[in-house]
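Make a model of the complete structure from these sequences and hints.
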Amino acid sequence: MTVHTISNTTADETSRAPRVMLYSHDTFGLGHLRRSRALAGAITAADPTASALILTGSPVAGRFAFPSRVDHVRLPGVIKRSDGSYASRTMGMSIDETANLRAGLIRSTAEQYDPDVLIVDKEPTGFRGELMPTLDMLKSRGRARLVLGLRDVLDEPEVLAAEWKRKGAIHATESFYDELWVYGLRSIYDPTSGLDLSPAVQARTHWTGYLRRDLGSVGEAPEPPYVLITPGGGGDGAAMVDLVLAAYERDPDLTPRAVLVYGPFLSGETRVAFEARVEQLNGRVTAVGFESEIETLFAGAQGVVCMGGYNTFCEVLSFDKPAVIVPRTTPRLEQWIRASRAEQLGLIAMLDENRDGMTPETMIRAIRSLAQQKPPSAAFTPGLLDGLDYVTHRVAKLLSGTKSEAAE
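The sequence shown finishes on residue 408 if you use the numbering used here, and the numbering steps up by one all the way, no holes.
Hints in this document: simulated from the structure, not taken from any laboratory.
Built from N, CA and C at the ideal position, the CB exists for glycine as well.
Each hint should be verified, as a subset may be incorrect.
Said to hold, decoys possible - Below, a list of computed lysine-lysine pairs in the DSSO-like style, where the Cα atoms sit at most 30 Å apart:
no., residue 1, residue 2
1, K167, K122
2, K80, K122
3, K397, K139
4, K139, K122
5, K167, K139
6, K374, K165
7, K80, K167
8, K139, K165
9, K122, K165
10, K165, K80
Unchecked claim - Pairwise CB distance ranges, derived in the manner of DEER restraints:
no., residue 1, residue 2, range
11, P331, P252, 30 to 40 Å
12, G219, S377, 42 to 52 Å
13, G142, P224, 54 to 64 Å
In structure tokens form, the structure reads like this:
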């Protein structure tokens, strides 16, 4: 019997096209996948020979279109319970078995794809340490440059420090990563302020600016004027959606009309109840479940009412829309920190539960105020939306073999 094998090397491996792998654990929401997708699209657009492969645990990854030369591998999903513990999403396996399965899939994919650059989103060791075997393997091979990418805000400094200590994240960051990228500006917020990072890691930390969203061709938007209502992925957006619907129910003269995107994770009986209320509003609010190209709705909106996730914030900035952010405050203060700092800078308005109250009247005032609110560009600072350009510059440097320079 003849056994056929596939060689791990090419005839001229030195001339092969660049390969970038991106890891996002995606235990909740859409944020990590959407950030990785934006990065992969920018990297492959900047280098027409490069390819990118995204490893994601998102259950809705297949509902997104991916750019040319970008593909994804779907890892078995996990869900976060209300008590903070995790469980396998669909497979009937224990969480330990699921994490071990994911770790094996990640390592084997990295072994075969053999990336030149690995970009890890937020979690230095991966979900429950699942990335560690891959980091060990890639470090020992010596080809790949390893990058840890952090969003602008992670959590309260003392909470984050305890979490990273528990996960061994400081040691992993010090030991494995060639560069650390923060997708924001230090002048706005420093997510590493509570972390005991060595001077060496601080020296190879780069502040990229926020990740601008595609401002290219968009589809046909709904008839204007309208306010876009988006809770992001929707998994924790029921309270905000309820408040918006209550505002339109309470005030029959509230304008403009609202276009509501529930998000893929707002479902079940809650979604059914919302649909019944939308129907009673006779077109003053229209709703869709999931919009993979939400950029079109942003482009046509008069203003935005949204939660405070990183990607939604980037869209508000990129499309320069007056926005009212209603941040969640559990299980992390991340959204509240981001929104309060952005409000201080004049980029957005915030509806804060403790300061303003969460009533139909406060939401009515917030929606009405959007017509007079200045767009974010009135308060832009230099480099605010330069993140994708900065990232593609760094990737080119890493692919050329240039070691990390002092943080720029």
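Inset, instruction - Kindly indicate which numbered hints from before are broken by the structure, ordering the numbers from low to high. - result: 6, 12
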